Amino acid sequence: MFFLESPELCKLVQNSDSSEIRQRKMGSFQLVIASLVLVLAPTWCYVIRYEEPFEAREPDINTVVFELFTPFNPTQPQILELDNLESLQDSFFDPSLPTKIFAHGWNGSPLSAYSTRDAYLSREECNFIAVDWSVLASGIEYPLIVERDVPRAAVHTGQFIDFIVKNTETSFTSIHLMGHSLGAHVVGGAGAAVTLGRIPRITGLDPAGPFFSLNDTETRLDASDGDFVDVIHTNGGTLTGNELGFLPPIGHIDFYPNGGQFQPGCATNNIESTAQGRGGCDHGRSVSYFAESINSDVGFGAVECATEEDFVAGLCDENPSVLMGDPTPISARGIYYLLTTPEKQRKMGSFQLVIASLVLALAPTWCYVIRYEEPFEERAPNVSTIVFELFTQSNPARPQILELDNLESLQQSSFDPSLPTKIFAHGWNSSPRSAYSSRDAYLSREECNFIAVDWSVLASGIEYPLIVERDVPRAAVYTGQFIDFLVENTQTSFSSIHLMGHSLGAHVVGGAGAAVTLGRIPRITGLDPAGPFFSLNDTETRLDASDGDFVDIIHTDGGSLTGNELGILAPIGHIDFYPNGGQTQPGCRAKNVELSVQGRDGCDHGRSVSYFAESINSDVGFRAVECATEEDFIAGLCNDNPSVLMGDPTPVTARGIYYLATSDTSPYALG
329 MFFLESPELC KLVQNSDSSE IRQRKMGSFQ LVIASLVLVL APTWCYVIRY
379 EEPFEAREPD INTVVFELFT PFNPTQPQIL ELDNLESLQD SFFDPSLPTK
429 IFAHGWNGSP LSAYSTRDAY LSREECNFIA VDWSVLASGI EYPLIVERDV
479 PRAAVHTGQF IDFIVKNTET SFTSIHLMGH SLGAHVVGGA GAAVTLGRIP
529 RITGLDPAGP FFSLNDTETR LDASDGDFVD VIHTNGGTLT GNELGFLPPI
579 GHIDFYPNGG QFQPGCATNN IESTAQGRGG CDHGRSVSYF AESINSDVGF
629 GAVECATEED FVAGLCDENP SVLMGDPTPI SARGIYYLLT TPEKQRKMGS
679 FQLVIASLVL ALAPTWCYVI RYEEPFEERA PNVSTIVFEL FTQSNPARPQ
729 ILELDNLESL QQSSFDPSLP TKIFAHGWNS SPRSAYSSRD AYLSREECNF
779 IAVDWSVLAS GIEYPLIVER DVPRAAVYTG QFIDFLVENT QTSFSSIHLM
829 GHSLGAHVVG GAGAAVTLGR IPRITGLDPA GPFFSLNDTE TRLDASDGDF
879 VDIIHTDGGS LTGNELGILA PIGHIDFYPN GGQTQPGCRA KNVELSVQGR
929 DGCDHGRSVS YFAESINSDV GFRAVECATE EDFIAGLCND NPSVLMGDPT
979 PVTARGIYYL ATSDTSPYAL G
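Last residue of the sequence shown: 999 (my numbering), numbering continuous.
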């Protein structure tokens, strides 16, 4: 690991020939990536080097699900799955209505579709389906996602469309596909993959550019994918530049608001930040324009024009015009330009950053050169985007969405106050899916309420230090208020509640424990609580033993708070477990990686979740012995000391520091 601050090096990276950066191999995936700069922001300079074979995780295609919204459930999704006829038959899907299908982009989630969903459902009765392919779309290995996961998600979505048509007699003429960024290529591929008909309209919202080829129409959205393909370009550029989208026309009609590269209101000092950084504002504006177009009184009038220069010079004022967005007529063809006004200026203060620090939350085998030279005006995500996914034995795999202060959502759910309640919060750049292994283990063992906290809107983005400082406390307080809401309205007993959290989620549930006002949380489990940008001395901002009656911690990627590890090594609970020493885990070698957004260390970091989930039903258990140091444990000096089981079976009376060994593959418990 090393840091450089070299303008010459940054210039070299930004001007690298595409032939040098487009080296992609499946399997060993050898990379010398100066290329991540292509999908990040031009005010940052990245030099990224991975020196060892990069074995990528292969996410399960069946994690792709489809969130259905209708006038009967405009904000609470019903989960549809390919070939799951019961999920379709039990839903509000109406084949007589128009069907809108929207796919999100890289490191995104269905939430990016919700502005469009709300606009459509406020205007008309329709089926609105948000494609959730976030498990495949998430991760730092963008080139691999382009090459492998976009085509898989596209085919899966095409098969889902055929499944709907075959089983509901939906007409293809009623289907409209939309996608943002990588999602545009997903819906394009879906249009090409359907076998029972032809998609009448596909809308590409600033289709992703980096690592796609204009000449290779098999891998990207193009005009052959549907009867009518309309494209809105808002951050277009060359495929080896810094912009995130395509600039060349690729549809039947292509719109270039404000020239199609940069959008008013997205200046350096006023950015809507996303995981993609500064360019995310321009890139995401395509979604905002489309959503607004659905119900706009004035519309986005655009004129046909050969070039931006001619448009600016007024040479196209008398040319044919059409409305951009939802009202675009399907007979329209050509290249169109228009102007928009800046969005309302949004500022949440000035967060001055010079971050060579992001490396603290990333992997030690990568080299990062990160420089940000100007004020970083951060986006402030709405805390009300946090929702709570309820699973019970009545709905073990399909969540019911609970919301703070939404009594109707609670009363209509399967929540049973007489049962134990387990609440799990995910970590940075993650989603509720990280809780599902624990969910499945608990629900296979007992009747309980399992709630996954979905704070992914707040937890997502490259600005990790800001998320630590601002969004973790907000999510923590909100979750605490939700627990009080549950208790007050269902007479749930605090004694039945167990909070769990991974990484940043551990601090969320710790803060929730401190925030509740109607009682005291009996148990909080921290699964490798995040370390970078937390202070051992500041217990107000992190999980600590005062947050609940019993706080147990499993350390799997612990280190100093200024090191490369992702977790805290120091003991911070009533009892702290250190499997395999608590820093690196067997089976997490460079050539055998469970890859996550955090890179190589994500395997060690995520192993805490795997250990805990396995502990719930393990026949042998994770037996740990009390020991002062790892050295004493390895030397066998603690063999006769008291022992307890790590994970779910840990007795709430246990105290101290405990060590244990595990297997390098599942099942991990050695007894």
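It is worth saying that the hints were derived from the structure and are not from the lab. Since this is a predicted model, take the numbers as computed values, not measurements. Glycine included, each C-beta is placed from N, C-alpha and C at the ideal position. Accuracy of the hints is not assured; some may be wrong.
Have a look at the derived ranges for each label pair, beta carbon to beta carbon [as the list claims (entries may be wrong)]:
1. 710 x 817: 17 to 25 angstroms
2. 744 x 544: 15 to 23 angstroms
3. 960 x 744: 42 to 50 angstroms
4. 391 x 413: 38 to 46 angstroms
5. 648 x 576: 16 to 24 angstroms
Going through the hints against the structure:
no.: 1; hint: 710 x 817: 17 to 25 angstroms; in the structure: holds (23 angstroms)
no.: 2; hint: 744 x 544: 15 to 23 angstroms; in the structure: violated (53 angstroms)
no.: 3; hint: 960 x 744: 42 to 50 angstroms; in the structure: holds (46 angstroms)
no.: 4; hint: 391 x 413: 38 to 46 angstroms; in the structure: violated (19 angstroms)
no.: 5; hint: 648 x 576: 16 to 24 angstroms; in the structure: holds (21 angstroms)
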